[in-house]
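Colleague: Chain by chain, the residues run as shown.
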Amino acid sequence: MSRLSIKNVSASYAHQILDNISFEVGAGDFVVFVGPSGCGKTSLLNFVAGFNQPHSGSITLDGKLITGPGSDRGVVFQQDALLPWLNIIENVALGLELKGVAKPEREARAKEVLALVDLAGFEHHKVWELSGGMKQRASLARALAADPQILLMDEPFGALDAFTREQVQALILKVWHKTGKEVLLVTHDIEEAVFLASELVLMTPRPGRIVERLRLDFGRRFANGESARQIKSDPKFIEVREYVLSHFFSGREVADERNYA
Amino acid sequence: MSETTLDSTANAIAEKPVSPATKEKAAKNSIFRSGFVISTITLATLIALWALITHLGFVDPLYLPSPLDVVRKFFDLIVNGYADATLWQHFTASISRIFIAVIVAAIIAIPVGLAIGINPVARAIFDPLIEFYRPVPPLAYLPLIVIWFGIGEFSKILLIYLAVFAPIVVATAAGARHVDPIRIRVAQSLGATRWQIIRHIVLPSALPDMLIGIRIGLGAGWSTLVAAELVAATEGIGFMIQSASQFLVTDIVIAGILVIALVAYIIEIGLRILQQKLAPWRGKVN
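Protein chains in written order, with this note's numbering: chain A, 1183 to 1443; chain B, 38 to 323.
Just so you know, these hints were derived from the structure itself, not from any lab.
Glycine residues also receive a C-beta, built at the ideal position from the N, C-alpha and C atoms.
Worth double-checking, as some hints may not be accurate.
Have a look at the derived ranges for each label pair, beta carbon to beta carbon [what the hints assert, rightly or not]:
| # | chain 1 | residue 1 | chain 2 | residue 2 | range |
| --- | --- | --- | --- | --- | --- |
| 1 | B | R214 | A | E1421 | 48 to 54 Å |
| 2 | B | P218 | A | P1286 | 52 to 58 Å |
| 3 | A | R1388 | B | F73 | 55 to 61 Å |
| 4 | A | D1416 | B | R160 | 37 to 43 Å |
| 5 | A | A1290 | B | R160 | 40 to 46 Å |
| 6 | B | P157 | A | P1286 | 27 to 33 Å |
Computed list of lysine-lysine pairs in BS3-like fashion (alpha-carbon distance at most 30 Å, straight line) [said to hold, decoys possible]:
| # | chain 1 | residue 1 | chain 2 | residue 2 |
| --- | --- | --- | --- | --- |
| 7 | A | K1360 | A | K1246 |
| 8 | A | K1356 | A | K1418 |
| 9 | A | K1356 | A | K1308 |
| 10 | A | K1356 | A | K1246 |
| 11 | B | K321 | A | K1246 |
| 12 | B | K314 | A | K1281 |
| 13 | A | K1285 | A | K1189 |
| 14 | B | K314 | A | K1285 |
| 15 | A | K1356 | A | K1414 |
| 16 | A | K1246 | A | K1189 |
| 17 | B | K321 | A | K1293 |
| 18 | A | K1285 | A | K1356 |
| 19 | A | K1281 | A | K1246 |
| 20 | B | K314 | A | K1293 |
| 21 | A | K1308 | A | K1246 |
| 22 | A | K1308 | A | K1285 |
| 23 | A | K1293 | A | K1308 |
| 24 | A | K1356 | B | K314 |
| 25 | A | K1293 | A | K1356 |
| 26 | A | K1285 | B | K321 |
| 27 | A | K1414 | A | K1360 |
With the hints as extra help, turn the sequences into a complete structure.
Modeller: Below is the structure:
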């Protein structure tokens, strides 16, 4: 059963950004859009979030046409999207506050979600007292607390260092597995995309097009207890990663990059 | 990335959780303390120079009385007063004018500033009005205010109010206009209505700018005070200074100036503390 449905979406500003994108997100899917900058993946995510409107085509969630932003889609931004005048629990409870949920109730819910993202005990910390990884986890908690139908993430690891990145990736997989919510994530990091996705969508730029879709299970394997290192050194993982890489780089470009190392 | 060259900077700005906060605080304290020491030395030097010049008789005390004379006059003003009012009465007259003006200005200017910042129509209405009168010195429109509203207390407060109003509006509007669009999207994606966005995102985002506006406005208010008390005042520090200057009572002039400087400085520090309390994130996050 498909929940999110993207039909014939095109958009052009100065030049064409997205060319006739059609896509369905099935129940429980972790969809990752991967491609170089300019392939329109962030634009597509913004259309799904409702921040912008595509010039043609339609996007529906559970059959309902998306015309603007709404709390049925939880968004995790790239960075610094926590509000500094609120402490962590107030940030996480913001969505519920806006819906008029009473304070004890929304704080109880926020505490639950903070525990889910391993931030129990940080409820009353200030935003600037948290590290980058903790902030991203708090952002995830805020999106989850409003109980959205689907989670949208725009390069959520973009501002994190390699160590923190792996931790937050692991956490997102855990949350995905536990809540069963669909995730739509945009990234330009191919290894990350292969690791996380249950459905990997490769996009090419100018104009943004979907060139291939891959059904993967590495994320599911991780959620079921296999270690990240085990998965990432699995020949099958390496094969998929190299296959995806070869989509974006001709052999020569890859060789050139190696020469610089 | 050239890690070697950026190493020290990277270390300096590397994000670490909670623990180094105390260290930072200690560093800040020591800077503050050494700054305080330097400031004190500067002031002491200035006063010593002043004392030396007057002591050696370089300047006629009529034009520049010694620091000691000024201090003596200051206490005399507290006890005996000047022009039928004690220093305290002059002071309360002035400070209440300024406070009424600032409070009324803030109450009106903050909503107007927010409206200018978020609504193009409000901006089109108010912006030219404010930009038109803002650069005009209060002394230039003082006569008009007197013609329209007479020489009573209202005119004096109105003049200060006008000087305070513009900076608060301008700062608030700038703050409201430059809200990080990501923050607005955050609220939208959580289902916020337009009013909720204003209340939960725009207002707190603009709060640091509002406080800066009030600080600047207060400064403008003090500079207008003397002008406001030019007209038919019988009390007020500004009045006291002018009146004393006409009789060449220089020590009172200097004492009056020092009182204004001191009070303005204390209020400024109070506002900085308030800013730290109300918007502690300023400078820590964008």
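Colleague: Now, for every hint given, state plainly whether the structure supports it.
Modeller: Results of checking the hints against the structure:
no.	hint	result
1	B/R214 with A/E1421: 48 to 54 Å	holds, 52 Å
2	B/P218 with A/P1286: 52 to 58 Å	violated, 33 Å
3	A/R1388 with B/F73: 55 to 61 Å	holds, 60 Å
4	A/D1416 with B/R160: 37 to 43 Å	violated, 59 Å
5	A/A1290 with B/R160: 40 to 46 Å	holds, 43 Å
6	B/P157 with A/P1286: 27 to 33 Å	violated, 41 Å
7	A/K1360 with A/K1246	holds, 26 Å
8	A/K1356 with A/K1418	holds, 22 Å
9	A/K1356 with A/K1308	holds, 25 Å
10	A/K1356 with A/K1246	holds, 28 Å
11	B/K321 with A/K1246	violated, 41 Å
12	B/K314 with A/K1281	holds, 28 Å
13	A/K1285 with A/K1189	violated, 40 Å
14	B/K314 with A/K1285	holds, 23 Å
15	A/K1356 with A/K1414	holds, 17 Å
16	A/K1246 with A/K1189	holds, 13 Å
17	B/K321 with A/K1293	holds, 25 Å
18	A/K1285 with A/K1356	holds, 28 Å
19	A/K1281 with A/K1246	holds, 20 Å
20	B/K314 with A/K1293	holds, 26 Å
21	A/K1308 with A/K1246	violated, 38 Å
22	A/K1308 with A/K1285	holds, 19 Å
23	A/K1293 with A/K1308	holds, 15 Å
24	A/K1356 with B/K314	violated, 38 Å
25	A/K1293 with A/K1356	holds, 17 Å
26	A/K1285 with B/K321	holds, 28 Å
27	A/K1414 with A/K1360	holds, 22 Å
Of the numbered hints listed earlier, those contradicted by the structure are 2, 4, 6, 11, 13, 21, 24.
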